[in-house]
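S.K.: Sequence:
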Amino acid sequence: MNTPSALFVDLYELTMAQVYYERGMTLEAVFELTVRRLPEQWDYLVAAGLDRALEFLESLRFSDDDLAYLSTFAQFDSTLLEQLRTFRFSGDVWAPPEGTIVYPHEPLLQVIAPLPEAQIVETALLNQIAFPTLVASKSARTVDAAAGRPVIEFGGRRAHGAEAAIEAARATYIGGFEATSSVEAGRRYGIPVIGTMAHSFILAEGDETVAFDAFVSRYPGTTLLVDTFDTATGLERAIQVASQHGPNSVGAIRIDSGDFLEESRAARAQLDRAGLTDVRIVISGGLDEYQITALVGAGAPVDVFACGTNIVAPPDAATLDSAYKLVEYDGRPVSKLSAGKASIGARKQVWRAADHDLICRFGDAPLADANPLLVPMMESGIRTVHGRDSLQRNRERARSGRRPRSIVTAASLLD
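The sequence shown runs 4 to 418 under our numbering.
Don't take every hint at face value.
Okay, the calculated beta carbon distance ranges per label pair [unchecked claim]:
#1 Asp68 <-> Pro336: 37 to 47 angstroms
#2 Ser203 <-> Leu340: 55 to 65 angstroms
#3 Val299 <-> Pro336: 40 to 50 angstroms
No lab work stands behind these hints, which were simulated from the structure alone.
All residues carry an ideal CB built from backbone N, CA and C; glycine is no exception.
With the sequences and hints as input, model every part of the structure.
M.R.: Written as structure tokens, this is what we have:
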């Protein structure tokens, strides 16, 4: 797995660390990573990105090259560089398991470590948690909208960078997508990989019927892309090729443009008249939960939704309003009071009951008939068994509990 460099920090994390070390401020600190508010119209989040965050913490080392570069900064002295030479993350991490449904102000991650250690990892942890959680949540909403129809991920080419594309594919799988077009995501994470042809194959051949025939001959049961020139004509040619090759030679047709409701209805009627009732209809192109909700509500005969751009780079939620804040130092709760960005001091636990969540001080008496959301993922810099959940287990966890619920903050946190 490609984890971020130790230099994936903001400069102020290192300038603060230097002063912490100089002043002996190395006692236990608690930082919590939360989302302040949900994107408009969203009801929940799906926690994701934890595995990669833990991998980063386990492997975090400042190399000789890292230290050589830092030595060029006038504000850093040799004492800090020697501290960083032996730097290891030795703290604890508590978090909800990946795939858990979470809500604003509930910690997505809780870091308990000596203050400099917990501070230095701020940027990397926000980066590793917030984006996958955003994509997993968007994906879950899209799966909900599809109402049982499979959804697959085609977004790699539109993601903001190669690693973002791979992590987005993983996040969509946690959120309930069935497969990805990314071969690397399949290799790295064991996600089913799917894909057939692009318009370029048909354009390069020059004759749509010949192109379809070549592809079906090579890949029986394939999906044919029918809208390169004209969807109705392309569909007629796909039916012709399917009839020539016999049963099960064409598994599906894909429509990537136009009025999806009308095109899918026309395609279903055409396929059924030709006796190809088992050939499925796949649509793709700028889809997310909003378009899918409309299509399903209108009774569009679509069997599979293929989603890309609007999932890996959601137009309704470019980022999550996430923050990584110090809430406790040396056992003393601390709170930020900035307007619009206030934080609640003290380490917390979240208890999930049947109809609500209770956010309370860590160590308060547990809520009856409720389960703790945060569990130990790392102890003294080493993953626990909870931190080694399989991707499949995370995916299964995300299938349940996706609904609005009331969030109660315990009085002990508001004193």
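S.K.: Just pull the numbers of the violated hints for me, sorted ascending.
M.R.: Those not satisfied: there are none.
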